[in-house]
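There are 2 protein chains.
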Amino acid sequence: MPRILRVAAAQMGPNQRADSRAAILARMIALLEQAAGQGAQLVVFPELAFTTFFPRWLLEGAELEQYYEAAMPNPETQALFDRAKELGVGFYVGYAEKTAEGQHFNTAITVGPDGSVLQKYRKVHLPGSVEPRAGATFQQLEKRYFEYGDMGFPAFYGPDAWGAPVMGQLICNDRRWPEAWRVYALQGMELMVVGYNSAAYDPNGGDSEDQGLRTFHSQLAAQSNAYMNACWAVTVAKAGDEDGSGLIGGSCIVDPNGRIVAEAKTLGDEVILADCDLDLVQQGKQKMFNFAAHRRPDMYSMITERTGAEPPKR
Amino acid sequence: MPRILRVAAAQMGPNQRADSRAAILARMIALLEQAAGQGAQLVVFPELAFTTFFPRWLLEGAELEQYYEAAMPNPETQALFDRAKELGVGFYVGYAEKTAEGQHFNTAITVGPDGSVLQKYRKVHLPGSVEPRAGATFQQLEKRYFEYGDMGFPAFYGPDAWGAPVMGQLICNDRRWPEAWRVYALQGMELMVVGYNSAAYDPNGGDSEDQGLRTFHSQLAAQSNAYMNACWAVTVAKAGDEDGSGLIGGSCIVDPNGRIVAEAKTLGDEVILADCDLDLVQQGKQKMFNFAAHRRPDMYSMITERTGAEPPKR
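If you're matching them up, the sequences are chains C and S in order. Okay, so the first sequence: first residue is 0 according to numbering that gives the first Met the number 0, each after it adds one. Okay, so the second sequence: first residue is 0 according to numbering that gives the first Met the number 0, each after it adds one.
Pulled out of the complex, with its shape left as it was, chain C reads as follows (with noise of 0.2 Å):
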């Protein structure tokens, strides 16, 4: 019986750091119903999606904590979770995690058709600094904010509902990193969901890469790392002028041969969907990237036992 999920992107228009939580949870609501009235039986939610991206600025004390949530759901979450659930509709939804013994992570869970959270990821990948750079306007301050996820890379199962794909999942920046994808489909992986904040240009005015091209960047991840292990992606952005920050839109559904199959046309809250057909993947894990017969992990030891770049000797 073939395999086919409904899935839709949930991209988000900026969220603006005066907005209210109930505002901001309200439009995430609106674009569940939208998705699930077109038949979608798992939305895609940005990363850190109920909030402004507040690592772009030096906070302290309850002017940070504000936006950790300690658990989820939460009296101001709940709504989503409800909903969800009358819908019949599961969801992937990015946020910033504070534990009960005070770490604090970027963390994703995505969220089965009963509300069961299927499983957490926490954000591995942290870009940005721990100090801030003085003299900057906007900072990038997730590795002071939050620490390295802890879990790995955990693949699970989604429901039966949905066919029980092997899923994964990542958080914006690790979807530029090959490793994580490919620790992923060491699992099996079909499907991929990826929340993101990428910002559309340098907002203290330093570099040359404009948002076109950050754009490409954004989708050439997504493109070749389903390509190259044979699995579904949806990634989705929070987009659009957002306190004075630009960030990308160019949330899309892609299939294993990494063509977008759906695409976000604007920089504000807007829906796509995509009817993903699980059984694609075989063509890619059973030939091309039949990993048990062709990859050769004895020669991949660098990966592991080196973390940044060592030049050869001249």
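There could be a bad hint or two in this list.
Identical copies go unnamed one by one, so any copy, or any two together, can satisfy a pair.
Unchecked claim - Within a straight-line C-alpha distance of at most 30 Å, the following computed DSSO-like cross-link-like pairs (lysine-lysine) qualify:
id, residue 1, residue 2
1, K97, K264
2, K312, K286
3, K119, K97
4, K142, K97
5, K142, K119
6, K119, K84
7, K286, K264
8, K312, K284
9, K97, K312
10, K84, K264
11, K97, K286
12, K97, K284
13, K97, K84
14, K312, K142
15, K312, K119
16, K312, K84
By construction, these hints were calculated from the structure, which means they are not laboratory data.
Based on the hints, put chain S in the right spot on chain C.
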């Protein structure tokens, strides 16, 4: 001082089994001269450039052995090396290697403008099978005819006249395996050169991947791995209808942003060129892909511990 290297991809049309070695070499010298006439300093030829792609047949004895080179250069290839040295041009070329000990490898070398071999590489990711497929008109017997490359992924310096780039070499199928690019990038690789012979369709009529999709896959792998490893990439085909089996073209030169800057338009002998600003790799290597700052090798252990995919427990 800027480091600008003018690189040519010397795509070759098909080498028929009936073609003489001398006729093929004359075509290669003509491509070399055409590239040198346009100022190329490095000319990249395809995989197994001196012959037809013989792993498509089940052969044995002298009929098979004729395709291997016991030395490189040798009397049948010396004229290419001599002409390149006269012109002061370096080149990459692929060939079937037979060692003094009787080992066989699918091999490539890069030769400097002074005629010296800068580095040899032996293909790690051999596709195909050891045993012939019963009833098939065309085989893919690389695993039968070659041993797995035993040199790892040895990065090396190009000569000072090229700006002393850190270079890497891959062969055909290797380019689809992100591990191979990453091991080179962990040695600071700035310029990757790759020759290939890639099927344009299943010559036995077995599948649905057409020539356009296969060319897209080839370029997607080159573009994304150049971007994710912050390097230039030159990937070069033997193309066209070779002995009744189709090969894709699509040779291209890719910048460190993953953009194609030059691309072959035919399936025949064709030279394309680009001026590669080697310092463009620094944007990626110092920021987004600063490996020392951002890689998390402790999370990648599955890449070397596992060969095939193993699904999670239910």
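Now for the hints, and whether the structure bears them out:
no.: 1; hint: K97 to K264; in the structure: neither (34 Å within a copy, 55 Å between copies)
no.: 2; hint: K312 to K286; in the structure: between (38 Å within a copy, 24 Å between copies)
no.: 3; hint: K119 to K97; in the structure: within (13 Å within a copy, 52 Å between copies)
no.: 4; hint: K142 to K97; in the structure: within (15 Å within a copy, 51 Å between copies)
no.: 5; hint: K142 to K119; in the structure: within (20 Å within a copy, 41 Å between copies)
no.: 6; hint: K119 to K84; in the structure: within (18 Å within a copy, 59 Å between copies)
no.: 7; hint: K286 to K264; in the structure: between (34 Å within a copy, 28 Å between copies)
no.: 8; hint: K312 to K284; in the structure: between (38 Å within a copy, 19 Å between copies)
no.: 9; hint: K97 to K312; in the structure: between (45 Å within a copy, 28 Å between copies)
no.: 10; hint: K84 to K264; in the structure: within (29 Å within a copy, 53 Å between copies)
no.: 11; hint: K97 to K286; in the structure: between (43 Å within a copy, 28 Å between copies)
no.: 12; hint: K97 to K284; in the structure: neither (38 Å within a copy, 32 Å between copies)
no.: 13; hint: K97 to K84; in the structure: within (25 Å within a copy, 64 Å between copies)
no.: 14; hint: K312 to K142; in the structure: neither (32 Å within a copy, 33 Å between copies)
no.: 15; hint: K312 to K119; in the structure: between (43 Å within a copy, 16 Å between copies)
no.: 16; hint: K312 to K84; in the structure: between (59 Å within a copy, 26 Å between copies)
In this structure, the hints that do not hold are numbers 1, 12 and 14, in rising order.
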